[in-house]
Amino acid sequence: MLNLIWPIFIIISFGYSIFSGNLSKLNESIFSSAESAVTLCITLLGTMCLWNGIMHIANKTSVIEKLTKILGPLMKFIFPNIRRNSQVHKEISMNIVANMLGLGNAATPLGLKAMKSMQKENSKKDTLTDNMMLFIVLNTASLQIIPTTVIAIRSSMRFK
Amino acid sequence: MQIINYLSNLAMPFIIFLIVVFGLIERNKVFDTFLDGAKEGLEIVFNIFPTLIGLFVAIGALRSSGIIDAMVNFLNPVLKIIQFPSEVMPLALLRPISGSGSMAIATDIMKNFGVDSNIGLIASVIMGSTETTLYTIAIYTSSVGIKKTRNIIIPALIADIVGMIVSVVVCRLVF
Numbered sequence: 124m125l126n127l128i129w130p131i132f133i134i135i136s137f138g139y140s141i142f143s144g145n146l147s148k149l150n151e152s153i154f155s156s157a158e159s160a161v162t163l164c165i166t167l168l169g170t171m172c173l174w175n176g177i178m179h180i181a182n183k184t185s186v187i188e189k190l191t192k193i194l195g196p197l198m199k200f201i202f203p204n205i206r207r208n209s210q211v212h213k214e215i216s217m218n219i220v221a222n223m224l225g226l227g228n229a230a231t232p233l234g235l236k237a238m239k240s241m242q243k244e245n246s247k248k249d250t251l252t253d254n255m256m257l258f259i260v261l262n263t264a265s266l267q268i269i270p271t272t273v274i275a276i277r278s279s280m281r282f283k
Numbered sequence: 002m003q004i005i006n007y008l009s010n011l012a013m014p015f016i017i018f019l020i021v022v023f024g025l026i027e028r029n030k031v032f033d034t035f036l037d038g039a040k041e042g043l044e045i046v047f048n049i050f051p052t053l054i055g056l057f058v059a060i061g062a063l064r065s066s067g068i069i070d071a072m073v074n075f076l077n078p079v080l081k082i083i084q085f086p087s088e089v090m091p092l093a094l095l096r097p098i099s100g101s102g103s104m105a106i107a108t109d110i111m112k113n114f115g116v117d118s119n120i121g122l123i124a125s126v127i128m129g130s131t132e133t134t135l136y137t138i139a140i141y142t143s144s145v146g147i148k149k150t151r152n153i154i155i156p157a158l159i160a161d162i163v164g165m166i167v168s169v170v171v172c173r174l175v176f
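Residue numbers (my numbering), protein chains in the order written: chain A, 124 to 283; chain B, 2 to 176.
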């Protein structure tokens with residue numbers, strides 16, 4: 124997708140800056156932008172590594188499984204036709220908890236496992252079931268309560 | 002306001018404390034685990050670095066060429082009706098399509114308008130409350146070989162739009 128958008132950005136900026144007479148500003152911005160991307164990445168390294176490390180610890184503990192139990196009633200409300208304590212039920216809840224904690228790296232494999240289990244019970248193998256659709260939309264809607272990446276970016280910029 | 006400030010100061014240290022204590026109780030090698038995760042963080046930053054450079058330059062160019070201002074002026078009447086800050090528009094458009102791209106834009110917004118500015122806060126909340134929708138749908142459906150997706154893109158994008166508008170509203174109410 125960016126293969127399309129990126130060149131459009133460049134072409135439009137070049138064209139419009141000639142039209143509006145902002146060419147010197149454009150020239151300046153090219154180099155200052157590249158430079159600020161470098162500074163940003165260096166400052167981002169610290170907080171990003173810190174958060175990933177902390178969340179990795181959370182991932183290794185039974186935090187996710189414990190929270191999954193609390194999620195029970197909510198799951199019954201969102202997915203009324205999925206049997207409690209079934210494999211699918213467990214995988215979906217774990218995916219939701221991992222999403223809430225901002226553990227993107229853990230949430231995706233769990234989500235894919237849940238999709239696989241739901242596919243087993245799917246009668247039309249090439250079509251999404253209602254539960255699958257709901258599950259995917261839940262994942263695209265981002266359930267993060269602790270948005271780790273945003274926290275990392277914000278704190279790295281604040282303490283510069 | 003003071004309570005919110007206190008809570009947001011408390012939240013992060015408390016979460017870190019809680020996770021470390023939890024790890025200790027369950028007799029994990031806490032520090033080794035931390036190091037493994039931190040290495041992953043290193044990889045993430047290295048992986049987004051090229052995207053960040055590419056998009057920073059492209060967006061910087063767009064901004065300095067003056068076209069963003071022109072577009073904002075043009076769209077202003079519409080955006081005013083739904084009270085959506087036009088500075089966040091590029092982020093809203095790219096968010097469902099590209100994860101690293103939208104992250105670069107959000108960072109760019111925070112850098113230019115300030116982390117704690119109204120616009121910077123809105124950009125942060127949007128990033129936290131939306132996902133790279135198209136990518137998510139693609140991997141979830143393709144992983145089990147599903148071709149007929151029954152227009153799932155529509156509810157997913159509606160969820161994104163709702164997330165973005167609510168982000169703006171919540172930021173207005175809270176900050």
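Don't take each hint at face value.
What the hints assert, rightly or not - List of simulated lysine to aspartate or glutamate pairs, EDC-like, C-alpha gap at most 16 Å:
#1 A:Lys148 x B:Asp70
#2 B:Lys149 x A:Asp253
#3 B:Lys112 x A:Glu158
#4 A:Lys189 x B:Glu27
#5 B:Lys149 x A:Asp249
#6 A:Lys213 x A:Asp249
#7 A:Lys243 x A:Asp253
#8 B:Lys148 x A:Glu188
#9 A:Lys239 x A:Asp249
#10 B:Lys148 x A:Glu158
#11 A:Lys239 x A:Asp253
#12 B:Lys112 x B:Glu88
In case anyone wonders, no lab produced these hints; they're calculated from the structure.
Consistency of the hints with the structure:
In summary, the hint linking Lys148 (chain A) to Asp70 (chain B) is supported, as the alpha carbons are separated by about 14 Å, within the 16 Å threshold. At most 16 Å may separate the alpha-carbon atoms for a hinted pair to count; Lys149 (chain B) and Asp253 (chain A) meet this at roughly 12 Å. A distance of roughly 13 Å separates the Cα atoms of Lys112 (chain B) and Glu158 (chain A); the hinted pair therefore holds under the 16 Å criterion. The suggested pairing of Lys189 (chain A) with Glu27 (chain B) holds, with an alpha-carbon distance near 13 Å, which does not exceed 16 Å.
The suggested pairing of Lys149 (chain B) with Asp249 (chain A) holds, with an alpha-carbon distance near 6 Å, which does not exceed 16 Å. Distance check on the hinted pair: Lys213 (chain A) and Asp249 (chain A) sit about 24 Å apart at the alpha-carbon level, beyond 16 Å; violated. Distance check on the hinted pair: Lys243 (chain A) and Asp253 (chain A) sit about 14 Å apart at the alpha-carbon level, within 16 Å; holds. Restraint check: the Cα-Cα separation between Lys148 (chain B) and Glu188 (chain A) comes to about 32 Å, which exceeds 16 Å; the hinted pair is violated.
Taking the CA atoms of Lys239 (chain A) and Asp249 (chain A), the gap is near 13 Å; set against the 16 Å cutoff, the hint holds. With a C-alpha separation of about 43 Å, the suggested pair Lys148 (chain B) and Glu158 (chain A) falls outside the 16 Å cut-off, and the hint is violated. Of the pairs offered as hints, the one joining Lys239 (chain A) and Asp253 (chain A) holds, with about 15 Å between alpha carbons and a cut-off of 16 Å not exceeded. At most 16 Å may separate the alpha-carbon atoms for a hinted pair to count; Lys112 (chain B) and Glu88 (chain B) meet this at roughly 13 Å.
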